[in-house]
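Using the sequences and the accompanying hints, generate a full structural model.
Each chain, letter by letter, is given below.
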Amino acid sequence: MCNTCGCSDNDPVRMTRPGKDSPDHVNHGEANHLHDEHDHDHHHGHHHEHDQGHKHDHGHSQSRTIEIKEDALSQNNLQARRNRELLENKGIFTLNLVSSPGSGKTSLLEKTIHDLKDRWPLFVIEGDQQSMNDANRIDAAGAPVIQINTGNGCHLDAGMIKNAIRQLQPAKHSLLFIENVGNLVCPALFDLGEKKRVVIISVTEGDDKPLKYPGMFASSNLCIINKTDLLPYVDFDMAKAREFASRVRPDIEFIETSVRNGEGLERWYDWLGKNKPR
Amino acid sequence: MHEFSIALNIVEIAEESAKKENCRKIISVKLEVGTLSGIVFEALETALEFAVKKTMLDGAQIEIMKTDAEAECENCRRRFPVNAHFEACPSCNNYKHRLLRGGEIKVISIEAE
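As given, the protein sequences belong to chains A and B, one line each in that order.
Take the first sequence: its letters are residues 1 to 278, numbered as in the working numbering.
Take the second sequence: its letters are residues 1 to 113, numbered as in the working numbering.
Hints in this document: simulated from the structure, not taken from any laboratory.
Given the structure is predicted, the values throughout are model-derived calculations rather than measurements.
Keep in mind that a hint or two might mislead.
Below are the SDA-like pairs computed for lysine to any residue, each with C-alpha atoms no more than 20 angstroms apart in a straight line [claimed, not checked]:
1. A:K212 / B:F86
2. A:K69 / B:T35
3. A:K69 / B:I64
4. B:K25 / A:E67
5. B:K30 / A:T65
6. B:K96 / A:D208
7. A:K240 / B:N93
8. B:K19 / A:D71
9. A:K69 / B:F86
10. A:K69 / B:I62
11. A:K69 / B:K66
12. A:K69 / B:A60
13. A:K69 / B:E113
14. A:K69 / B:K96
15. B:K20 / A:D71
16. B:K96 / A:P250
17. A:K212 / B:A43
Footprint (simulated), chain A over chain B, 3 or more residues, beta carbon under 8 angstroms [claimed, not checked]:
18. 1-14
19. 53-59
20. 99-106
In silico negatives: residues of chain A with every beta carbon more than 12 angstroms from chain B [stated by the list, open to error]:
21. E70
22. D134
23. A140
24. K172
25. Y233
26. G262
27. E263
All C-beta atoms, glycine included, are put in the ideal place defined by N, C-alpha and C.
Take a look at the structure:
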């Protein structure tokens, strides 16, 4: 069983690039996982707090208390820090795109690739439980892409990203988009090593999404409100949605977009250009 | 569902610590989980029931200490209990606050032999 993604041996995490014969199977051998952050040999050089743990001998039995005080996400956080360091050293601007299923993440990416691929080198890591559908769409749009299939996993984690980066080899000074598994809950807790987190909602969802799933909005830098071309047909209150998201995270930025009619896309591209390291 | 990956991490952290102390069995584990950690307590308990099977924690007593979240207003510095990320400061009604505690998911200690 994979300790990070929770997948079973019957439904393991797979990494596949479009046009390659067989998936690059992440081998989850019990003895030696490929994910760094659960390498059982612990050669990752980080210092566990429990190294300084105190022992208290209890007279009545041989049992003793071992103090640990370690964050349950410490290994993911450590790997995320390493990913961030590696990516930043190469001048790669990495974005973690999170949303519920169907907000239009992949369509926005397709359009972005179409419009920006001559301006900057673009790379994509796609995360879904199953299928190559999104990777095939990104491949057709013209960006190098790797698909992570998490099997039963509900989120991407930093170890998966480490392996995906190794195989995808994003170029120096490129933009790397990570499209997370469509889920507004679980991915919030897992730092991948991104520079910015972008939460995407669409006007066909409720305008109270930020209050229902505050964890995701609290951890995001930018909120894209997509499918604005549908506003005349739905009861979505834009001012309310923005107010709710700002309550959760007062410094969150907003861009309203429609991939269909192009509204707001220039603002999105400007935002990327402004935040991309020189 | 992410509670399951977190449960597996907890098992690994506990086992590593026990092995370092040459222990073979873990009798109990003490966890500290904040009310704004993004964890559903019941889901974590259920996940742990499955995650401990055939590990050093099989049969161990698991104690989850709940930490109530507390925030500090970035405007007036008032400290107040907070039940959700979107709560305003009760004094100045500002939404910008810093979480002081309640976001943690920690393995505090184990009892092992």
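Do the hints match the structure? See the list:
Of the pairs offered as hints, the one joining A:K212 and B:F86 holds, with about 10 angstroms between alpha carbons and a cut-off of 20 angstroms not exceeded. For the suggested pair A:K69 and B:T35, the alpha carbons sit about 18 angstroms apart, so the restraint of at most 20 angstroms is met. About 13 angstroms separates the Cα atoms of A:K69 and B:I64, which keeps this hinted pair within 20 angstroms; it holds. Distance check on the hinted pair: B:K25 and A:E67 sit about 15 angstroms apart at the alpha-carbon level, within 20 angstroms; holds.
Restraint check for B:K30 and A:T65: satisfied, since their Cα atoms lie roughly 10 angstroms apart, inside the 20 angstroms limit. Distance hint between B:K96 and A:D208 is fulfilled; the C-alpha atoms sit about 19 angstroms from each other, no more than 20 angstroms. At most 20 angstroms may separate the alpha-carbon atoms for a hinted pair to count; A:K240 and B:N93 meet this at roughly 18 angstroms. In summary, the hint linking B:K19 to A:D71 is supported, as the alpha carbons are separated by about 18 angstroms, within the 20 angstroms threshold.
A hinted pair counts as satisfied when its Cα atoms are at most 20 angstroms apart, and A:K69 with B:F86 does not qualify at roughly 28 angstroms. Distance hint between A:K69 and B:I62 is fulfilled; the C-alpha atoms sit about 15 angstroms from each other, no more than 20 angstroms. Between A:K69 and B:K66 the alpha-carbon distance is near 15 angstroms, which keeps this suggested pair within the 20 angstroms criterion. Taking the CA atoms of A:K69 and B:A60, the gap is about 18 angstroms. The hint holds against a cut of 20 angstroms.
For the hint linking A:K69 to B:E113, the alpha-carbon distance of about 19 angstroms falls within 20 angstroms, and the restraint holds. A hinted pair counts as satisfied when its Cα atoms are at most 20 angstroms apart, and A:K69 with B:K96 does not qualify at roughly 29 angstroms. For the hint linking B:K20 to A:D71, the alpha-carbon distance of about 18 angstroms falls within 20 angstroms, and the restraint holds. For the suggested pair B:K96 and A:P250, the alpha carbons sit about 6 angstroms apart, so the restraint of at most 20 angstroms is met.
Only pairs whose Cα atoms come within 20 angstroms are accepted, and A:K212 paired with B:A43 is accepted, the gap being roughly 18 angstroms. With a threshold of 8 angstroms between beta carbons, the proposed coverage of the segment 1-14 of chain B by chain A holds, since 12 of its residues qualify and at least three are required. Judged by the Cβ-Cβ criterion of 8 angstroms, the segment 53-59 of chain B is not covered by chain A as claimed, because only 0 of its residues qualify and three are needed. For a cut-off of 8 angstroms, the count of residues in the segment 99-106 of chain B with a CB near a CB of chain A stands at 3, and the three-residue condition holds.
Listed as a non-interface residue, A:E70 fails to keep its Cβ farther than 12 angstroms from every Cβ of chain B; the least gap is roughly 5 angstroms. Every beta carbon of chain B lies more than 12 angstroms from that of A:D134, the smallest distance being close to 20 angstroms; the non-interface claim holds. At the 12 angstroms boundary, the C-beta of A:A140 stays outside the reach of chain B, the nearest C-beta of that chain being 31 angstroms off. Distance check on A:K172: its Cβ is at least 32 angstroms (rounded) from any Cβ of chain B, clearing the 12 angstroms threshold; non-interface status holds.
Against chain B, the non-interface label of A:Y233 holds: every CB pair exceeds 12 angstroms, the least being about 28 angstroms. With a closest Cβ-Cβ approach of about 32 angstroms to chain B, A:G262 is found to remain outside the 12 angstroms limit, as its non-interface label requires. For A:E263, the non-interface assignment is confirmed: its Cβ lies about 28 angstroms from the closest Cβ of chain B, beyond the 12 angstroms cut-off.
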